[in-house]
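*Asks:* Number 159 in our numbering belongs to position 159 of the sequence shown; there are no gaps in the numbering.
Honestly, the hints are just simulated from the structure, not real lab data.
Keep in mind that the hints are not guaranteed to be accurate.
Listed next, the in silico SDA-like pairs over lysine to any residue satisfying Cα-Cα at most 20 Å (straight line) [what the hints assert, rightly or not]:
| id | residue 1 | residue 2 |
| --- | --- | --- |
| 1 | 54 | 140 |
| 2 | 54 | 148 |
| 3 | 54 | 65 |
| 4 | 54 | 80 |
The following label-pair restraints were derived from C-beta to C-beta distances [to be verified]:
| id | residue 1 | residue 2 | range |
| --- | --- | --- | --- |
| 5 | 206 | 311 | 29 to 35 Å |
| 6 | 189 | 262 | 50 to 56 Å |
| 7 | 71 | 157 | 30 to 36 Å |
| 8 | 173 | 311 | 40 to 46 Å |
| 9 | 195 | 67 | 23 to 29 Å |
| 10 | 30 | 206 | 38 to 44 Å |
| 11 | 60 | 311 | 24 to 30 Å |
| 12 | 71 | 258 | 29 to 35 Å |
| 13 | 68 | 30 | 19 to 25 Å |
| 14 | 258 | 189 | 48 to 54 Å |
| 15 | 60 | 99 | 44 to 50 Å |
| 16 | 57 | 384 | 22 to 28 Å |
| 17 | 88 | 30 | 21 to 27 Å |
Each residue gets a CB set at the ideal place from its N, CA and C atoms; glycine is no exception.
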Amino acid sequence: MSDSGGRSPFARWFGDLDYLQLGVMLALLTVGLIFIRSTGIQVDTPVSRAFFDKQFRWILWGGVLYGLLAAADYRAFPLRLLAFGGYAVVLVLLAAVLIFGRPVSGATRWLELGGFRLQPSEPAKLFIICALSAVLAAPRARANPGTAILAALGMVLPPFLLIAAEPDLGSAMILIPILGSMIFCFGIRWRYVLLALMLAVLAALLVLADCFYLKKPLFLRSYQVDRIKVFIHPERDIRARGSNAYQAMNSVGSGGLSGHGIGRGTQNELGFLPQTVTNNDFIFSVLAEETGFTGALFLLLLYALLLYSILRTAVLVSGYGRFLAVGVGAMIFCHIFINIGMNIGIAPITGLPLPLVSYGGSFILTGMATLGLMQSVYRIHRAEAEE
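Take the sequences, apply the hints, and build the full model.
*Replies:* Pasting the structure below:
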């Protein structure tokens with residue numbers, strides 16, 4: 001059977017895909033594998049060499065999730081029901097982390113599930129975006145906008161507090177721009193936007209007071225205060241807490257225009273940047289040192305194209321699909337900005353991964369599932385536009 005345009009449904013399905021998004025995603029995954037391999041070869045231990053194999057397997061599983069969600073109808077009732085069910089499940093998992101989680105480097109963020117270590121805060125972002133989209137796109141939300149916005153705030157507060165308690169303030173803070181961008185898309189009066197900005201400034205002043213004017217912090221933990229102080233004055237603790245940030249900036253700066261060559265970065269090879277962070281939090285600094293300004297610019301171009309494809313989808317569609325795209329775009333942009341920012345000294349160290357590039361199963365699976373959902377939104381819009 002063929003459609004009215006002479007194409008089979010199978011050919012039409014493939015013709016409606018967002019190939020820009022698909023191509024950029026594959027390019028970013030390839031970049032990540034190359035530099036995870038590079039860091040593993042330089043350190044040259046059995047554990048470091050295994051990172052590439054693990055990442056590749058996660059990408060394969062992520063490809064399955066991507067394909068299933070791209071083929072599904074994002075508007076279907078089962079998927080919307082899954083959004084709220086998934087939201088409830090991640091709340092349980094986030095609470096379980098605080099009780100049964102495995103401490104790593106002073107933070108309890110992971111659950112051991114068989115042979116897989118899950119970081120629930122990563123899939124939580126996706127399910128929160130889906131659940132918020134369903135709430136804000138509901139017909140009754142337009143009739144009662146104040147109630148809808150309060151409901152959205154109430155949905156974000158529990159996971160925010162649970163993630164912050166791990167402690168993982170970086171991932172918790174990501175929920176704020178996600179919520180803010182989706183509420184802005186919903187439609188909110190400018191006086192409330194100005195009020196939100198004033199509250200943000202007040203929060204920043206409280207953080208600074210916590211760091212520099214109070215003997216005992218009221219809102220932050222001691223390590224968070226140290227990170228902020230090191231961010232503002234990097235030279236204060238170069239040998240300890242400020243070491244990774246300082247060496248990362250050195251790595252970026254030493255790359256020059258074209259870099260030292262893949263696998264030849266001295267900061268990683270000589271151990272100035274610990275192997276525990278070179279393939280995840282600081283993989284951008286490894287890339288910048290080995291490929292220089294040219295490679296870093298190419299990576300930024302890929303991310304710009306990825307964000308363009310997501311925002312294009314947000315403009316093309318309306319309702320539930322638009323809220324999904326806006327939330328996903330905000331999440332990915334914040335990860336990019338903060339991760340690269342902490343590598344070049346314009347953002348404090350938070351431990352947020354670089355989307356599709358950093359090593360880590362939880363965020364690779366979440367990121368690819370998120371983009372699969374975006375592919376579904378775009379594909380269905382294209383199919384409807386051609387009818």
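*Asks:* Give a verdict on every hint.
*Replies:* To see whether the hints hold, each was checked on the structure:
1. Proposed proximity of residue 54 and residue 140 is contradicted: the alpha carbons are some 45 Å apart, above 20 Å.
2. Taken as a hint, the residue 54 and residue 148 pair is broken in the structure, with Cα atoms around 42 Å apart against an allowance of 20 Å.
3. For the suggested pair residue 54 and residue 65, the alpha carbons sit about 17 Å apart, so the restraint of at most 20 Å is met.
4. Taking the CA atoms of residue 54 and residue 80, the gap is about 31 Å. The hint is violated against a cut of 20 Å.
5. At roughly 33 Å, the beta carbons of residue 206 and residue 311 sit within the given window of 29 to 35 Å.
6. At about 51 Å, the beta-carbon gap between residue 189 and residue 262 stays in the expected band of 50 to 56 Å.
7. Separated by about 34 Å at the C-beta atoms, residue 71 and residue 157 satisfy the suggested range of 30 to 36 Å.
8. Distance hint for residue 173 and residue 311: a CB-CB separation of about 22 Å, inconsistent with the stated range 40 to 46 Å.
9. Evaluation of the 23 to 29 Å hint for residue 195 and residue 67 yields a failure: the beta carbon distance comes to about 43 Å.
10. One distance hint, 38 to 44 Å for the beta-carbon pair residue 30 and residue 206, holds here, with the actual separation near 43 Å.
11. Range check, residue 60 to residue 311: about 29 Å between beta-carbon atoms, so the 24 to 30 Å window is met.
12. For residue 71 and residue 258, the Cβ-Cβ distance of about 41 Å falls outside the hinted range of 29 to 35 Å, so the restraint is violated.
13. Between residue 68 and residue 30, the C-beta spacing of about 22 Å keeps the proposed range 19 to 25 Å intact.
14. Against the hinted window of 48 to 54 Å, the Cβ-Cβ separation of residue 258 and residue 189 comes to about 50 Å, which satisfies the hint.
15. With their beta carbons about 32 Å apart, residue 60 and residue 99 fall outside the hinted range of 44 to 50 Å.
16. Checked against the hint of 22 to 28 Å, the pair residue 57 and residue 384 fails, with Cβ atoms roughly 36 Å apart.
17. The hint said 21 to 27 Å for the Cβ distance between residue 88 and residue 30, and at roughly 36 Å that hint is violated.
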